[in-house]
Every structure is written in C-alpha cells, then in structure tokens.
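**Student:** Take a look at the letters that make up each chain.
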Amino acid sequence: MTTTNTKAQQLRDDIEALLPWHAAGTLSRRDAERVEAALANDNELARRYDLVREELGETIRLNESLGAPSARAMDRLMAGLEAEAAAAPRRRTFNVGAWFAGQISQLRPRTLAWSATAAALAIVLQAGLIAGLYVDGAEKAQQTAEMKAPESGGMKVASVPDQNRAVRSLGGPGSVAVLVQFAPTATVEEITRFLDGFGRAQVIRGPSSGYYTVRVATKDDVGRVVQRMKDNTGIVRSALPSTE
Amino acid sequence: MQGTSDEALIVRIAAGEKLAMQVLFARHHVRVFRFVLRLVRNETLAEDLISEVFLDVWRQAGKFEARSAVSTWLLAIARFKALSALRKRGEAELDEEAAAAVEDTGDNPEVAMQKKDKGEILRKCLGELSPEHREVIDLVYYHEKGIEEVAEIVGIPENTVKTRMFYARKRLSELLKAAGVDRGWP
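Protein sequences, first through last, are from chains A and B.
Its first residue numbered 332, the first sequence is counted upward by one per residue in my numbering.
Its first residue numbered 156, the second sequence is counted upward by one per residue in my numbering.
These aren't lab readings, by the way, just hints derived from the structure by calculation.
Note that the Cβ used here is the ideal one computed from N, Cα and C, for glycine as well.
Treat the hints with care, since some could be wrong.
[Claimed, not checked] Just the calculated beta-carbon pair ranges, DEER-fashion: (1) Ala-371(A) x Arg-242(B): 41 to 49 Å; (2) Trp-340(B) x Ala-363(A): 17 to 25 Å; (3) Arg-531(A) x Thr-159(B): 32 to 40 Å; (4) Asn-336(A) x Arg-242(B): 43 to 51 Å; (5) Ser-285(B) x Thr-337(A): 30 to 38 Å; (6) Lys-173(B) x Asn-374(A): 50 to 58 Å.
For reference, chain A alone in the conformation it holds in the complex (with noise of 0.2 Å):
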C-alpha cells in the first residue's frame, strides 16, 4: 500500500515539475497528454496549474517592460564587423560555398542544405584557394588566379571548376569512388578533417539525392573504405560505394 501511495505521489510530483513547460507550451505531445490527462483528475493539481499560469504572464509583462536596447548596440555590432573585416578579410573566400549554398537551400530541405554548405566549403578549401585569396583579396576568388611559386616562377591556382577537373584526373587504378551523405551536424572543419583523414579525398561532385561522389586515393577494396567512412558516424550519415 504504502509502496502504491510513493508511486503514485512520485508520478504526482513528475507531473508537477512538467508544469511550467506545459504552460509555456514547449512540452512533448506525449508529455503534454499527460500532463493534460493528470489536470483533469486533480483538482489541487489543477488549482497548482494555475500559479504557474499566473508567473507565465507576469514573467512576460516583466520582461516586456524591460525595453529594448539602444541603436548604440547595433552601431557598435557593425563597427566590430569593420574591424574584423579589416584585419581579417579571409572570411571573405567563403564568397563561393555561400552562394553554392543559398541556390541549394532554395531547392533542398534545411538538412541537405548544411550539407551542400560544408561540402562547397571543402572544395574551397580544397582548391587551395584560401591561401590565393589570403594574399590576394576575395575578389580574385572566382576567377583563377597566378600565384608566384618560388621554385617555378609562377603556377596556377585553379578555380573551382577547375580543380573539378583535376581531381577527375585522379581517377581509375589507385583510387576508389565512394558516395557520401554528410551528417547534417557535421562542421565545416571536420567534414575537411575526415576528408583529410582519408589521403586528402576530395569530393568530385553533388549533391545528387543528398549524396556527394567523393575520390579517395588508396590501393584497398572500396568496401572497406565505405566501411571506414560509416564509421565516423558524427560525420557521416550514409556511404555506399560509387559505381565510377
């Protein structure tokens, strides 16, 4: 009886901490039936439900009475945004995978779209062009550009499409092609990092139905590389070997 009774007392006092969230709308459905399901049999409950009512608004009329800030904040935001601007132009080479990424977002859910962005990004990255526009400013960064190479006098840094080109060249014996869904958690840095940890694999092409053809230079079995991907699991959601 007395274990029925810390039972029932327990699931009481569950139901109760759920409140507050129940009021400000943001519980489950699940929990949110509950919750409902208890209210309609327990009228000290009930009456309990109505004090946290009563704090939801006067929390909120508090909080509206604050006001709002100054234009001093965003007059200072933008100055912040010029002085980083100014010493760091380097955001600046992401010009590219921006705009790869808007026109994709446009067509694909969100998820695909934080895909499209990072794998844009690491093609960028990929390209070499950081360290071209690094020096030479982001305008440069859709055209191909010169670089002076020490050695050489001079070579190309090649533009997105055409690194595309020479990544193709990658290709036949030595090198495996694989087809990669990244994780839609998955950051910019460690979609390059795990790219990186496979020979500098290089993704090729995509997304096509969420998947990117990725190249990876390596003398084992495709499987096993598909293998090697799937378990990095924090970055990639799906891999199957590519019929390339």
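Mind docking chain B on chain A? Use the hints.
**Tutor:** Same frame as chain A, now just chain B:
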C-alpha cells in the same frame, strides 16, 4: 531575406554577409538584451554585451552545428558573456549600479500589497529572485525554452533543470508570502 530561416542566415553570416548579420540581429537582439539585462541589471553593460554576443556569432558561424535552435545558441553565448562580465566587475558593484541604472517604476512588495496589486507584487518578487532562479524562470516562461534547451543554455542536466525550476518557484512563493500573498503552495 526577412523570411529566411535563422539557420540559413547563419550560413550567409559564415560567408561574411553583413546583411544577414543585420537581419539576425534585428530578429533576436531585443530578447537577447532582455535576457542579459535580467542577469547583469545594467542597461549600458547589457547593450555592450549583446554587441559582443553577435560579434561572436559572426566569428563562429562556420562552427555552428545546427543541433539546437539559433536562438538557443544565442542565449548560451549571451549567458556566458553576462556571467563573465559579472565575474570581471564583481556582482556587488553591479548590484549597486543596478539600483540606479534600471528604472524602478513600482512600489516595493509591501507597498504594492497595500495597493492590492497582486500582479505587481509578483513582478517585484520575480525581481528579487537570485540570478540563478531568475534565469531559469525567464528561459522557461519568457524565452519559451524546453527542458533540453534550458539544460543546453545553462549547462546542467535536464533533471537539474526541473529541480531548479521547482525551487525557483518555491522561492517565489516564499517571497510572495513574506509580501503578504499566501498562495497555499508549497
């Protein structure tokens, strides 16, 4: 761009697009300001801190993982900034400044009680809670954050969030009772 999701704005911000930053700022700065102001109780400092919050967003947008809502991320950064500022300047100093900086538009709880304005008494008592209790109550009631989100912002387990909320409400009832409003709970 006004209809763009917060997540898409973060992508654009990571690309260095200042306009996206302005849109995100316009969308969230008032709530972030109020959250910070309730913690630091100093309007000038709160304004400075929200600029820093969004500047951090500008710097870290490329690392945002979209595991949580952008608003949750903003509040987590804001909380960190506010607590750092409190540590740096010393809470006592800020509390003294608070009296002068935050306009006091109402009576104290006892006077309000005499005027029978229960709502005003409740708001006064909400203002008298500890920063820890104010924070959880604001996050749940005003910022509409779920248990998991509060846990992420504050950096505590979900069960602790529920316990903290319970004790914050209990303390609120005690303050109300002391001000003459007995709610019969707890």
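**Student:** Please go over all the hints and tell whether each is borne out by the structure.
**Tutor:** Results for each hint:
{"no.": "1", "hint": "Ala-371(A) x Arg-242(B): 41 to 49 Å", "result": "holds, 47 Å"}
{"no.": "2", "hint": "Trp-340(B) x Ala-363(A): 17 to 25 Å", "result": "holds, 22 Å"}
{"no.": "3", "hint": "Arg-531(A) x Thr-159(B): 32 to 40 Å", "result": "holds, 34 Å"}
{"no.": "4", "hint": "Asn-336(A) x Arg-242(B): 43 to 51 Å", "result": "holds, 46 Å"}
{"no.": "5", "hint": "Ser-285(B) x Thr-337(A): 30 to 38 Å", "result": "holds, 31 Å"}
{"no.": "6", "hint": "Lys-173(B) x Asn-374(A): 50 to 58 Å", "result": "holds, 56 Å"}
Going through the hint list in order, the structure satisfies each hint without exception.
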